[in-house]
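Take the sequences, apply the hints, and build the full model.
Note that the protein sequences, when read in sequence, are chains D and Y.
Each residue of the first sequence is one higher than the one before, starting from 1 at the first, in our numbering.
Each residue of the second sequence is one higher than the one before, starting from 331 at the first, in our numbering.
It should be emphasised that the hints constitute simulated quantities derived from the structure, not laboratory data.
We put the CB at the ideal spot given by N, CA and C, even for glycine.
Be a bit skeptical, because a hint or two may be false.
Unchecked claim - Residues from chain Y that face chain D, not an exhaustive set, calculated with beta carbons under 10 Å:
hint, residue
1, Val-356
2, Gln-357
3, Ala-359
4, Gln-360
5, Val-366
6, Glu-372
7, Ile-376
8, Thr-378
9, Thr-399
10, Asp-402
11, Asp-404
12, Asp-463
13, Leu-510
14, Asn-514
15, Pro-544
Said to hold, decoys possible - Straight line, CA to CA, 35 Å or less: simulated DSBU-like cross-link-like pairs of lysine-lysine:
hint, chain 1, residue 1, chain 2, residue 2
16, D, Lys-236, Y, Lys-452
17, Y, Lys-452, Y, Lys-406
18, Y, Lys-517, Y, Lys-384
19, Y, Lys-543, Y, Lys-502
20, Y, Lys-452, D, Lys-103
21, Y, Lys-361, Y, Lys-384
22, Y, Lys-452, Y, Lys-517
23, Y, Lys-502, Y, Lys-361
24, D, Lys-171, D, Lys-158
25, Y, Lys-361, Y, Lys-452
26, Y, Lys-517, D, Lys-171
27, Y, Lys-517, Y, Lys-543
28, Y, Lys-543, Y, Lys-406
29, Y, Lys-517, Y, Lys-406
30, Y, Lys-406, Y, Lys-502
31, Y, Lys-361, D, Lys-103
32, D, Lys-103, D, Lys-158
33, D, Lys-158, Y, Lys-543
34, Y, Lys-502, D, Lys-158
35, D, Lys-171, D, Lys-103
36, D, Lys-236, Y, Lys-361
37, Y, Lys-361, Y, Lys-517
38, D, Lys-236, Y, Lys-543
39, Y, Lys-452, Y, Lys-384
40, Y, Lys-406, Y, Lys-384
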Amino acid sequence: MSSQLSSQLNKPATQTAGAEGYNFAYLDEQSKRMLRRAMLKAVAIPGYQVPFGGREMPLPHGWGTGGMQLTATVIGEADTLKVIDQGADDTTNAVSIRRFFAKTAGVETTEHTADASLIQTRHRIPERQLRNDQILIYQVPIPEPLRFIEPRETETRKMHALREYGAMQVKLYEDVARFGHIATSYDYPVMVNDRYMMDPSPIPKFDNPKMNQMPALQLFGAGFEKRIYAVPPYTKVMSLDFDDYPFEVQSWEESCSICGSDHSFLDEVIMDDAGNKMFVCSDTDYCRERVEQGFTAENPEGQQGLTPEPNQSQQERKTQDDTKAEEMAP
Amino acid sequence: MSVQVNSMNRGAVRSDLLMAGFDDAVQDAQKVFRKVLKAMSEPGTILTADLTDKTPGALNKSSWEIALTLFDADTKIWLSPTLAGDDVVVSNLRFHCQCPMVSEPAEADFALALADELPELKTLNWGNSEYPDQSTTLIVQVEAITNQVQDSDEGWCLTGPGIETERGLSAKGLPYSFRLDLVNSRKRFPLGVDCVFCADDQLVALPRSTEIKPSDNEDGIRNTTQQEAN
Ligand SMILES: [Zn+2]
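If you want it as structure tokens, here you go:
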């Protein structure tokens, strides 16, 4: 044991360092510890929403504080951060968030999915299969999948406790009765590890199959409602469906006008005042990568052997007669 | 060092017993947290946390670093008798983490125990069905942890979230009754206690979501290669 008091020792571990006026990654250490403890509970109970205390991270409106808080809590000097908004790295939000963490944490940033250790996202999962050494952080507006069925938190807590999810099945089946198919096309509820119903955040249901057995850790943050939930790597995540109406993802007649991809999530882009339109990959990095590898709209097969690996599970579930892409526009 | 049984309930910090925490409180806590996060999200994966030179009293490196990373004034801590009776441990936890100590395991957010002083699992807080997260996290110092479970009567075969197929794990020195209780606790999921086993600078986690089978009942789990992730 040491009886010597060094100057370093006079600083308890719980103190916040911050010579520049703010702490590393902006968030104070006490808030980080609270979020870290909540995060560990979230991965231990996959799909369960862990409430956390404290105040909302003071950030400009519209940034989505949940995802920012999680990123600030997890990020370290060795990380490389990618931020996507609707699949794109170059939206105002995505650029601002990347710059924010480059400034406050001094981390490397990238637009390349393959080069990122942390990916903060709103509304999409990258097309490229994520790896086990990557973490995907979702910005979540409304964490409770049962909220529109039952507004009272005390009641939804009970429904989760009793695994009483019949009301959601009824809601989806009403779609079938009315439209002949399940009309819900994003924010499509999933069951995690056969136990908790979870809101995957407003990603298109096209992305839902990617969550199943994903090698990367998935963390979800809702800032306003102060909830964290998680899906550990290699965890079963199944979209709700019915025996006679199995879960289906969106598909398009068209291919990407830039890279020719017939298997990615496509955005419809209006070209001119005459209303001419084209379809392009929503995942801008995936599209760029394919173009670099020689894929074009005219040559969708590209050069042999260079296809970036799309997520395999998404291919399995693809069908033709599904929701039109227009319904996806948020 | 002097052992005083009631010292954990004293508020005083003995400055002559204090030692340094992390060199860099912010960066080192982040590094340790990422190890614990990986451990908890990939149960059975052994990670190394080696950011401190000296540890207080009987605390080993990984349990001391977890304390510096996760304990604070908002977390109630229960210590097993030897740790609670050690002024060095108590003074350093109080000083560095400012954490309140409790005498009942059920009140604790974290219970920190030596393997041969484990509280009965049922005496810890398992959370409740609406808030299963309101549970005690158990940190246990053990002799050794290994993914090699061949010839081990303490070996486990782990399956569940975070494990692609299955993973072998053996934590040496856990009482038989505790291992049995842990296996049986799975029936009450999502209630339960998440465990972190700490051996010197190594740590491994066993959250409540992990299914545990004694490996001597399993043929497929021999010679699992040690998974060292950094
Ligand atoms: Zn494209």
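Cross-check of the supplied hints:
1. Val-356: With a closest approach of 5 Å, the Val-356 (chain Y) hint holds.
2. Gln-357: 6 Å, holds
3. Ala-359: 7 Å, holds
4. Gln-360: 4 Å, holds
5. Val-366: 7 Å, holds
6. Glu-372: Check passed: Cβ of Glu-372 (chain Y) comes within 6 Å of chain D, closer than 10 Å.
7. Ile-376: 15 Å, violated
8. Thr-378: For Thr-378 (chain Y), the interface hint is violated, since the closest Cβ of chain D sits about 15 Å away, which is over 10 Å.
9. Thr-399: 7 Å, holds
10. Asp-402: 5 Å, holds
11. Asp-404: 7 Å, holds
12. Asp-463: 4 Å, holds
13. Leu-510: Where the cut-off is 10 Å and the nearest Cβ of chain D is about 21 Å from Leu-510 (chain Y), the hint is violated.
14. Asn-514: Hint violated; Asn-514 (chain Y) Cβ to chain D Cβ min 18 Å, cut 10 Å.
15. Pro-544: Constraint on Pro-544 (chain Y) not satisfied, violated at 22 Å.
16. D:Lys-236 - Y:Lys-452: Cα-Cα ~29 Å, so holds.
17. Y:Lys-452 - Y:Lys-406: 18 Å, holds
18. Y:Lys-517 - Y:Lys-384: Judged against 35 Å, a Cα distance of about 40 Å means the pair is violated.
19. Y:Lys-543 - Y:Lys-502: Judged against 35 Å, a Cα distance of about 16 Å means the pair holds.
20. Y:Lys-452 - D:Lys-103: 48 Å, violated
21. Y:Lys-361 - Y:Lys-384: 18 Å, holds
22. Y:Lys-452 - Y:Lys-517: 13 Å, holds
23. Y:Lys-502 - Y:Lys-361: Roughly 26 Å between the alpha carbons, so the hint for Lys-502 (chain Y) and Lys-361 (chain Y) holds.
24. D:Lys-171 - D:Lys-158: Measuring from Cα to Cα gives roughly 19 Å; hence the hint holds.
25. Y:Lys-361 - Y:Lys-452: This hinted pair holds, its Cα atoms lying about 32 Å apart.
26. Y:Lys-517 - D:Lys-171: Given pair Lys-517 (chain Y), Lys-171 (chain D) holds - Cα atoms ~31 Å apart, limit 35 Å.
27. Y:Lys-517 - Y:Lys-543: 13 Å, holds
28. Y:Lys-543 - Y:Lys-406: 32 Å, holds
29. Y:Lys-517 - Y:Lys-406: 27 Å, holds
30. Y:Lys-406 - Y:Lys-502: 27 Å, holds
31. Y:Lys-361 - D:Lys-103: Holds, because 20 Å separates the two Cα atoms, which is no more than 35 Å.
32. D:Lys-103 - D:Lys-158: Status violated; Cα separation ~43 Å.
33. D:Lys-158 - Y:Lys-543: 31 Å, holds
34. Y:Lys-502 - D:Lys-158: 39 Å, violated
35. D:Lys-171 - D:Lys-103: 45 Å, violated
36. D:Lys-236 - Y:Lys-361: 28 Å, holds
37. Y:Lys-361 - Y:Lys-517: Measuring from Cα to Cα gives roughly 34 Å; hence the hint holds.
38. D:Lys-236 - Y:Lys-543: Holds. Lys-236 (chain D) to Lys-543 (chain Y) sits at ~20 Å (cutoff 35 Å).
39. Y:Lys-452 - Y:Lys-384: Measuring from Cα to Cα gives roughly 33 Å; hence the hint holds.
40. Y:Lys-406 - Y:Lys-384: OK: Lys-406 (chain Y) and Lys-384 (chain Y) at ~24 Å, within 35 Å.
In summary, the numbered hints that this structure violates are 7, 8, 13, 14, 15, 18, 20, 32, 34, 35.
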